[in-house]
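Trainee: Sequence:
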Amino acid sequence: MIWLGWLGRLGWLGGLGWGGTSAIAPVPGPLLVTIPTSNAPLVRRIVLDTDRPAQLTARWSAEDHEVEVVFDGFSTHHDRILLGWRPGRTYTLILSLTALDGASSEVVRAVVTEPLPRHLPVATLTVPHPERVAPGHTLLTLRSAGGVVDPSDLAVVYDEEGWVVWWLRLPDLAQDVREHEGGLLVLAGSDAPWFGTYGWDGLPGPSFAVGATPGRVSIATRGGGNLHHDVVPIPDGSGALVALGRYPLAVEGWPASYDDPAITTDRIVAADYVMVLDRDGGVLDEIDIGALIPIDRIGYDSLGSTIEGWADWAHANAVIPDGDQLIVSLRQQDAVIAFDPVLEQVRWILGHPDGWPPELEERLLEPVGPLSWPWHQHAPMLGTDTPGGLRRLVLFDNGNHQAAPFTDTPPITDPRLLHSRVVAYLIDEAAGTVQQDWSFEHSAVAGGTLFSGAVGDADWLEGGTVLSTWGFLEADADRTPNPELGLGRYTIRIIELDPSDLQEVWHLLLASDRADHPQGWTAYRAERIGVIEGRVID
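In the working numbering, the protein residues as written are 7 to 544.
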């Protein structure tokens, strides 16, 4: 036994097949580091083989940034996507390969990331209350106002410190982007809008459009027309989606004035509808908004035109699956409506009481206590019900006009006199009542109220904070136009706020230098997602 122990210390027993083998590090082959697509230049793909099974750990670090990801399992072939690189950095990439016996080897490579295009907006981050910030990164679409630069439409991820860590060039007008089934669900396009999936590697999956569009799966709807504004997964595990569409409808004697209902004309009207789709683009149901509310009820901006040239009657801009009902936001109607999609019957209406026919007046939610109605709102979202069963609904209230046609209240047309807000309502569906829970109107970081005349978003976050998107700002809080401040015409503010005291906890300003991009940038929506740095992508 003494003799065997002595041989073991010399490392001979393994060679004789008697146990105690020496650990031998995996031998790596050539390392290939590539960018899967130039449309997502901050993504890296690594491919590496080893002579024996090994577990891979990837670490990459720059002067101000470090990421590590440990991949599960042992393999001789390693083909991985690495996410979470900041632009304009020189990183040291270290790949550690650990065999089953614990022996390891390393491969080291320098990786240089390109800077962002110069005309993209500059991010300025203010974090008044870091302890309250919901974890994760922030995903949003950026749209170049005027579309005169390249890239002009993007999906972008900002990290907690306000740095871009991922971006994707979109081939068409950016509308919405959200996480979906391990990747992204994108709605884009102007002349022929479409939705489709993208992987985090930036590569596209299947895409869908209403009617026959080259390269896309055709959605054969009864109404036809186009997709717009919203495509939302139904959270029942089926893969089904609910989306908004509109088609041209010829209407005789349609309103042609905001002041006199007797003035009419024949008009092609954008008839909004909701479509329910299976995961393959098959149509499961279609519900016309015109079957729910009168086609001749108008609000301010209804007489304007959609991108197709049709009268922008209702301007549906959001749809929410909610159990056995759907909730839709109608901007030009200044109303959020819940309805039964099977019976095609309105259950309740959150909105001002002017101009509704008698059969819908009884569906109007009755205000309880002090309350301000929303005007030209966007992106309602349900939160957790109160212990008493009240529905919590948050939305972005743009605040346009502050009046309805054919009333004694004139619309406010001077944007210096208007402001937007994020507001939460408590809805008692059984009693048919609504009360205003809270309203965020004053930004301490910006120095006052702000007015976003279009787009906008409000999302409940983990821990109870709310992420809001002020995506169409033409002036600062004192209403100085952005160009006079040396900025592009439009700027964006992403504000996370705490409803408990209406304090901002995270505030991201996105603004371009007027010399680099005079028109600036807009953003439709934003959402807080999990940290993408070091994500394992299958």
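Read the hints as simulated data drawn from the structure, not as lab findings. Here the structure is a predicted model, which means the values were calculated and not measured. For every residue, glycine included, the Cβ atom is placed at its ideal position computed from N, Cα and C. Take the hints with a grain of salt, since some may be wrong.
[To be verified] What follows is a set of in silico ranges between Cβ atoms, one per label pair, in the way DEER data are often shown:
| id | residue 1 | residue 2 | range |
| --- | --- | --- | --- |
| 1 | GLU490 | THR390 | 39 to 47 Å |
| 2 | LEU290 | PRO487 | 29 to 37 Å |
| 3 | THR419 | SER506 | 50 to 58 Å |
| 4 | GLU72 | PRO212 | 30 to 38 Å |
| 5 | THR270 | GLY188 | 47 to 55 Å |
| 6 | GLY188 | PRO421 | 21 to 29 Å |
| 7 | ALA297 | THR415 | 24 to 32 Å |
| 8 | ASP291 | GLU185 | 31 to 39 Å |
| 9 | ASP286 | PRO363 | 36 to 44 Å |
Trainee: Of the hints stated earlier, which fail here?
Mentor: Hints 2, 3, 6 and 8 contradicted; others consistent.
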